[in-house]
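Student: Each protein sequence line maps, in turn, to chains A and B. Heads up: the first sequence runs through residues 974 to 1316, numbered per this note's numbering. Heads up: the second sequence runs through residues 974 to 1316, numbered per this note's numbering.
Hints are not guaranteed to be accurate.
Same chains, same label: a pair holds when it works inside one copy or across any pair of copies.
[To be verified] Derived SDA-like pairs (lysine to any residue); straight-line CA-CA distance at most 20 Å: (1) Lys-1278 - Asn-1176; (2) Lys-1225 - His-1277; (3) Lys-1137 - Val-1050; (4) Lys-1233 - Asn-1176; (5) Lys-1278 - Gln-1188; (6) Lys-1233 - Glu-1084; (7) Lys-1233 - Asp-1247; (8) Lys-1088 - Asp-1077; (9) Lys-1225 - Leu-1276; (10) Lys-1121 - His-1277; (11) Lys-1272 - Glu-1222; (12) Lys-1278 - Glu-1222; (13) Lys-999 - Glu-1311; (14) Lys-1121 - Asp-1273; (15) Lys-1233 - Glu-1249; (16) Lys-1278 - Ala-1201; (17) Lys-1251 - Pro-1161.
In case anyone wonders, no lab produced these hints; they're calculated from the structure. A quick note: this is a predicted structure, and the numbers were derived from the prediction, not measured.
2 protein chains.
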Amino acid sequence: MKSYNIAILGASGAVGTQMLEVLLEKKLPVHELRLLTSERSAGKTIRMQDKTFTFEEATKDSFHNIDFVLSAAENDVAKRFIPLAVKEGAVVIDNSSAYRLDDDVPLVIPEVNPKAAFRHHGIIANPNCATIIALVALQPLHAYATLKRLVVSTYQAVSGAGIKGIQELNDQVEAIRSQQPIVTSAFPYQIAYNLIPQIGNFNEEGYAAEEMKMQNEGRKILNLPELAVNCTCVRVPVYRSHSESILAEFEKEIDPNTAKKLLEKGSGIQLMDDLENKRYPMPLDTSDQDLVYVGRLRKDLSLHKNALSLWCCGDQIRKGAATNAVQIMELLIQAESENKSEA
Amino acid sequence: MKSYNIAILGASGAVGTQMLEVLLEKKLPVHELRLLTSERSAGKTIRMQDKTFTFEEATKDSFHNIDFVLSAAENDVAKRFIPLAVKEGAVVIDNSSAYRLDDDVPLVIPEVNPKAAFRHHGIIANPNCATIIALVALQPLHAYATLKRLVVSTYQAVSGAGIKGIQELNDQVEAIRSQQPIVTSAFPYQIAYNLIPQIGNFNEEGYAAEEMKMQNEGRKILNLPELAVNCTCVRVPVYRSHSESILAEFEKEIDPNTAKKLLEKGSGIQLMDDLENKRYPMPLDTSDQDLVYVGRLRKDLSLHKNALSLWCCGDQIRKGAATNAVQIMELLIQAESENKSEA
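Chain A with its partners taken away, still in its complex shape (with noise of 0.2 Å):
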């Protein structure tokens, strides 16, 4: 079987160790794999399944020879170094929103549209975890009824803001035990017991930047320009996990048991909607894990009949981000080992 050259860019970050960690999880061919990161982590090591990394400098040289590159960098990052990794030969799975909505780069997620992958030109975007984990949630109504209109609210966890967001919330909580000043500077307020609703920079009609995102990759994602969306995102203090409450209305009707039947056969879903015995989702219980948890499935009480209300809860450093990626890079794998087998 070939076996694949791989690097990871910003593989000191959150999004990036965790793409590591998915990579050796997963067993892939992997022959040689380069873990970049800026000079300031380079020569800094990782253990990771009994096995120590070293991480280096990423250069405009790191890419020779490279098969795929798995992109967790932000976007300056990103843009600086993927066009050189393309230029290259590489295939990039980018986790930025660099590129996401580029008419020539896919925008991909495996339970939803995997067929799109292919059609790549050296790039293939990653979505915004709080879009990957609702699409997932919503792929086997849609499938069934064709979405028309999302409204939703979410409850999104620190970690989305990187290890960074995970070291503020344990360092305020700290804080406030011992009397001694908030410090804030991964999220603009105090984020312990306290809700922060704004996640990226507002536009001028006062949507902020996660907020479009959830329309504009959703569209895109499910090649539905039309579909409607009404999202609010709000940074809560968990660590990881986000969580959302959704109000879905399709083109036709959909009952809640026949929902509950499609999602239980859904690819990449749990579902946990025992309401007698107390079971639906919960960040805690859905951190460390692939699968999008859905629950409270029930029917909109309001106007519409052909909607559904449900919420969901997904890890949004693997699913949302890691896992994604490198189940896209899976996808081209075995695509290419059909294809050799077939010859």
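Chain A is fixed; fit chain B onto it per the hints.
Tutor: Just chain B, lined up with the frame of chain A:
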């Protein structure tokens, strides 16, 4: 000026002690004050505004010569004592849900439906906290454009479950810090660093009691029996102040600028909506005061041009419970004093 004999039933709980505080702050004409509790708290004292008050056990004789009862007791205690108080001639303002939907019991938010208070037969009900906060925020918009449909996702503080909710969050944070086992009692699961999408018991359609209150109480307060409500209620690890993400659909179009002007003049509201300076309501900034803060006001980007999105926060122990009850009593006292001066 006439002064009144007032009893607080359930006086030692989070809402009861807050009722006492609001009563003292407002300098209402109190002649005699009885702080009624269970046998367990009787004899204990509480310091407030440099005075010491002693709790006494609620008995069937506690309401003799009482003009107003502010009841912060649970439903079962409310049902046991309130009929006795009414029989003695007292007017009871009840914060439990026991009588809220009874036809002959007005359900009152002074900023929304003050006149209803005067149609009582001895009992006036104080609405559910999340419902009060939503409707105070929406009232100026409803007066202008008439509400038709609400989609609400709540972010509800632990103090909604009383003092034991606050204690449980504190204890769990401390247990996690010292790697001790987590104890749950006020909430069905760990609330520290978690979210629980259940407040109250579920009905057959899969809605929690708190979610149905938003619909049923909202319809009664606004006198809109057809008001369509889709609500999801979630407990969050915040001490105080409930927050709500609301999509409101109206009978006629209402643009965000008009809405902001209406909210600026709205009763009981603080508009906080200056995105350039990252100003929006957050639970930390809205606790320990009586206004409902409203921000993130924007046009619905999805199908409905008659719809607006907004985010609001309010202290659910004060405006969501104690303050609202005392305000209702104030309405009645004021009316009586005006009637007298006219006579």
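Student: If a hint holds in the structure, say so; if it does not, say that too.
Tutor: Here is what the structure says about each hint:
For the homomeric pair Lys-1278 and Asn-1176, the shortest alpha-carbon distance between copies (19 Å) is at most 20 Å, but the shortest distance inside one copy (33 Å) is not. Within a single copy, Lys-1225 and His-1277 get their C-alpha atoms as close as 10 Å, and across copies as close as 18 Å, so both meet the 20 Å cut-off. For a Cα distance limit of 20 Å, the shortest separation of Lys-1137 from Val-1050 inside one copy, 18 Å, qualifies, whereas the shortest one across copies, 48 Å, does not. Only between protomers do Lys-1233 and Asn-1176 lie at most 20 Å apart by alpha-carbon distance; the minimum there is 18 Å, versus 37 Å within a single protomer.
Within a single copy, Lys-1278 and Gln-1188 get their C-alpha atoms only as close as 23 Å, which misses the 20 Å cut-off; across copies the closest is 17 Å, which meets it. For the homomeric pair Lys-1233 and Glu-1084, the shortest alpha-carbon distance inside one copy (17 Å) is at most 20 Å, but the shortest distance between copies (42 Å) is not. Only within a single protomer do Lys-1233 and Asp-1247 lie at most 20 Å apart by alpha-carbon distance; the minimum there is 11 Å, versus 42 Å between protomers. Within a single copy, Lys-1088 and Asp-1077 get their C-alpha atoms as close as 14 Å, which meets the 20 Å cut-off; across copies the closest is 62 Å, which misses it.
Taking the closest pair of Cα atoms, Lys-1225 and Leu-1276 come within 20 Å of each other both inside a single copy (14 Å) and across two copies (16 Å). With identical chains, the CA atoms of Lys-1121 and His-1277 are at most 20 Å apart both within one copy (12 Å) and between copies (12 Å). Taking CA atoms no more than 20 Å apart as the test, Lys-1272 paired with Glu-1222 passes in both settings, with 10 Å inside one copy and 19 Å between copies. In this homomeric assembly, Lys-1278 and Glu-1222 come within 20 Å of each other (Cα to Cα) both inside a single copy, at 8 Å, and across copies, at 16 Å.
Taking CA atoms no more than 20 Å apart as the test, Lys-999 paired with Glu-1311 passes inside one copy only; the shortest distance there is 18 Å, against 77 Å between copies. When the C-alpha separation of Lys-1121 and Asp-1273 is checked against a cutoff of 20 Å, the pair qualifies both within a copy, at 14 Å, and between copies, at 15 Å. In this assembly of identical chains, Lys-1233 and Glu-1249 lie within 20 Å of each other by CA distance solely inside one copy; the values are 16 Å within and 43 Å between copies. Taking identical chains as interchangeable, the C-alpha atoms of Lys-1278 and Ala-1201 lie at most 20 Å apart whether they share a chain (17 Å) or sit on different chains (12 Å).
For the identical chains of this complex, Lys-1251 and Pro-1161 are inter-copy neighbours only, at 8 Å across copies versus 35 Å inside a copy, given an alpha-carbon limit of 20 Å.
When held up to the earlier numbered hints, the structure conflicts with none and fits them all.
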